[in-house]
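A.B. asks: Residues per chain are reported as follows:
Number of protein chains: 2
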Amino acid sequence: MKKSLLKKYADAIVRVGANVQKGQHVKINASVEIADFVKLVTEAAYKAGAKKVYVDWSFDELTKLHYRYQPVSVMSKVPKWQEEKLAEEVEVIPCRIVLLSDDPDGLKGVNLEKMQKVQQAVTAVTKKYRDALDCKQQWTIAAVPSKAWAKKVFPSLRTSVAVESLWDAILKTVYVSEDADVFAEWNNHNKSFAEKCAILNSYKFDRVEYKSKNGTDFTVWLIPDGKWEGGGEYTLSGQYFNPNMPTEEIFTSPMKGRAEGVVVATKPLCYRGQLIENFKINFKDGKAVSWSAEKGEDLLTKMLTFDEGASMLGELALIPHDSPINNLGILFYETLFDENASCHIAMGSGFTNLIENYEKYTIDELHEKGINDSMIHVDFMIGSDDMNIKGYTKGGECIEIFRDGNWAI
Amino acid sequence: MKKSLLKKYADAIVRVGANVQKGQHVKINASVEIADFVKLVTEAAYKAGAKKVYVDWSFDELTKLHYRYQPVSVMSKVPKWQEEKLAEEVEVIPCRIVLLSDDPDGLKGVNLEKMQKVQQAVTAVTKKYRDALDCKQQWTIAAVPSKAWAKKVFPSLRTSVAVESLWDAILKTVYVSEDADVFAEWNNHNKSFAEKCAILNSYKFDRVEYKSKNGTDFTVWLIPDGKWEGGGEYTLSGQYFNPNMPTEEIFTSPMKGRAEGVVVATKPLCYRGQLIENFKINFKDGKAVSWSAEKGEDLLTKMLTFDEGASMLGELALIPHDSPINNLGILFYETLFDENASCHIAMGSGFTNLIENYEKYTIDELHEKGINDSMIHVDFMIGSDDMNIKGYTKGGECIEIFRDGNWAI
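Quick mapping for you: the protein sequence lines, in order, are chains A and V.
Residues 1 to 409 (our numbering) are what the first sequence spells out, left to right.
Residues 1 to 409 (our numbering) are what the second sequence spells out, left to right.
Please note that a few of the clues may not be correct.
Which copy is meant is left open, because identical chains are indistinguishable; a pair holds if it fits in one copy or across any two.
What the hints assert, rightly or not - Simulated crosslink set (BS3-like; lysine-lysine; CA at most 30 Å straight-line):
hint : residue 1 : residue 2
1    : K64       : K22
2    : K394      : K211
3    : K172      : K80
4    : K39       : K147
5    : K151      : K2
6    : K127      : K80
7    : K108      : K51
8    : K227      : K287
9    : K77       : K22
10   : K51       : K114
11   : K390      : K64
12   : K117      : K22
13   : K127      : K108
14   : K108      : K151
15   : K287      : K147
16   : K47       : K211
The hints are simulated quantities; they were obtained by calculation from the structure and are not laboratory data.
Here chain A stands alone, though its shape is the one from the complex (with noise of 0.2 Å):
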């Protein structure tokens, strides 16, 4: 790819994403494979004035080495300097950056049981840090073609090939490329969610319904002062930031514990760097209580039982059938991109900042108004091009929100 181009994409994801501010710091996640674009936005975070920039480096294939020959007490043992680290994030508030590149089947092969417990014992350590950012912090997910990666997509290609064409696609979904105003564009984006999510709003529906001819027939109920919403997000101090890049998708948390009906997945999911694929999930008083797969059932159980919260709904999202993402006819096996070519709905944890003035709750009030709470949140698509969705109000009254899987308001 052009070094200019990737240059603009490292911008984007600086100024438009994280939206880094001058006297910031910046955290970056990022597989050591892409080095050299971690560089780049490296230099772009500089830039925009960013006081110190460090990088997390990760590498599938040591993480498969530890899982296979450390126990997992040693494991689960987080070290002492790892939560001081933590906590002294909690006090900076870096922004992050999270690259994904990694091959969506990088994982395969570990020990499922082991990676779940690990996670668990981790998790528990490291979460009140996190909760701890939660609202606080500027962050982005952006994608970065990895050499497996780019072959899982695109199967047929020499590598060099399938990674050109990787970046090619990646770059459209997020509105870079020779000639763009990038700026303009995520504006232009971000205002027709807002103009979408008012009118959302102003129905304050009780409950959505879904059905498909596929067999997913589901109904889960809202919380009544949860909101939609899509595109940019503030946080607390009021900066400004994109989460996603890209992002399709307008969403909120929904009564944890109210949902009946069962949803048929429409594309595969990739959970802890392993895939599982055409699965579906029953769910009774707002819980999966019973499900199947074609392929990682067992890993599917394993995310279901994670913990209490796991088997729970986090998120409904709506996405219209003929995306721009989705009207690439890709499928990326990456969840950042197959999420936001469909609908689709997150197991785990909600986010409480979409209750209406939720800066004036503690989390536990926020928990017990209805977002769910989980150690995990992890979305499946369910959306397909024969999907219909309906609003109901408080009043009975009707609204078709989709009709034939795109929108119908």
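Position chain V against the provided structure of chain A, taking the given hints into account.
C.D. replies: For chain V alone, kept in the frame of chain A given last:
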């Protein structure tokens, strides 16, 4: 390079170099550019029984950006979590594996004054942790070609050929080949070193005199209960390890404050990622009092004035001019190799474990005996094909140690 040879080399680094024992932690320092080889070392360490392996990744390209954009005050501050990490290492005593791969000129352009200030401030905080690990930790330094380094060594070759050629050269110097028994080779090597050391130590030299037609004319006094050593070493707890791969040197730490005359460098020196070339240093009362360099004189000044001990000697090392490494005829631009191709001396801290029965003394007592202390230890090469070295005993006896660049004993 063939995968089987790379695995053999990774295994040698783990089992011959650091000599990792069952249940030990292993810390690897490496550039993100050699992640694939780090994977091999990590797996070898686990197979040797390591309990936990972790990597401190570096990337020169980011280091340059940090120096360019961060103020000295920000770079000089060691975060509490980093101190905590060092403190935990003092408790756990991980084996340390340092993999060198950087372009010897990779930090060219970085502001020297700034780098000096930052290093001084950081070392002032971190030195006590390093001192606490002294003589307790198994460690080894080995090298892995990066593209930039390979091109520096073989500028006329295509990059891929240059990398292969540098691999060939490196593997030769550490006795790794298809059919070699690497362990036996290193055992023999270490045995011949032990014999030579025994002879040198039997003379109990008062002083050593260096002379070469290139202008070196230099006398340095030794510590009465100092020792010559070479090859493998033992930790205080009795674990054998090989700190340098390769190693061809037999060395001692001289009496600080007692050296007179001129030494002329015979190879370029890479210091802090930048090169110093064609330089000489004039000593009086054991201290560098004047110096000059055709290239990098400013850097040389920074080095010699880093702290008080930086102007004094920490090491004298004897390597015959027809050493296996020198006979390769390659200038590696990397001290690990070039120091093992030629007699060298080091500015800065000496080795406290070279005092007879060092474990019976405090670190202050060892410094009082004459071991130099400094935050730096920088080797540079003074060997030549006409270097004559003589040792003088207290009784006035003169022993030829080197004649025309090679061992005379």
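A.B. asks: Does each hint fit the structure? Answer for all of them.
C.D. replies: Hints, verified against the model:
{"no.": "1", "hint": "K64 x K22", "verdict": "between (38 Å within a copy, 20 Å between copies)"}
{"no.": "2", "hint": "K394 x K211", "verdict": "within (20 Å within a copy, 98 Å between copies)"}
{"no.": "3", "hint": "K172 x K80", "verdict": "neither (43 Å within a copy, 42 Å between copies)"}
{"no.": "4", "hint": "K39 x K147", "verdict": "both (18 Å within a copy, 17 Å between copies)"}
{"no.": "5", "hint": "K151 x K2", "verdict": "both (20 Å within a copy, 24 Å between copies)"}
{"no.": "6", "hint": "K127 x K80", "verdict": "both (15 Å within a copy, 20 Å between copies)"}
{"no.": "7", "hint": "K108 x K51", "verdict": "between (38 Å within a copy, 23 Å between copies)"}
{"no.": "8", "hint": "K227 x K287", "verdict": "within (22 Å within a copy, 73 Å between copies)"}
{"no.": "9", "hint": "K77 x K22", "verdict": "between (36 Å within a copy, 19 Å between copies)"}
{"no.": "10", "hint": "K51 x K114", "verdict": "between (39 Å within a copy, 16 Å between copies)"}
{"no.": "11", "hint": "K390 x K64", "verdict": "neither (44 Å within a copy, 56 Å between copies)"}
{"no.": "12", "hint": "K117 x K22", "verdict": "between (40 Å within a copy, 24 Å between copies)"}
{"no.": "13", "hint": "K127 x K108", "verdict": "within (26 Å within a copy, 42 Å between copies)"}
{"no.": "14", "hint": "K108 x K151", "verdict": "within (16 Å within a copy, 37 Å between copies)"}
{"no.": "15", "hint": "K287 x K147", "verdict": "neither (38 Å within a copy, 54 Å between copies)"}
{"no.": "16", "hint": "K47 x K211", "verdict": "neither (49 Å within a copy, 53 Å between copies)"}
The structure fails hints 3, 11, 15 and 16 (numbered hints given earlier, in ascending order).
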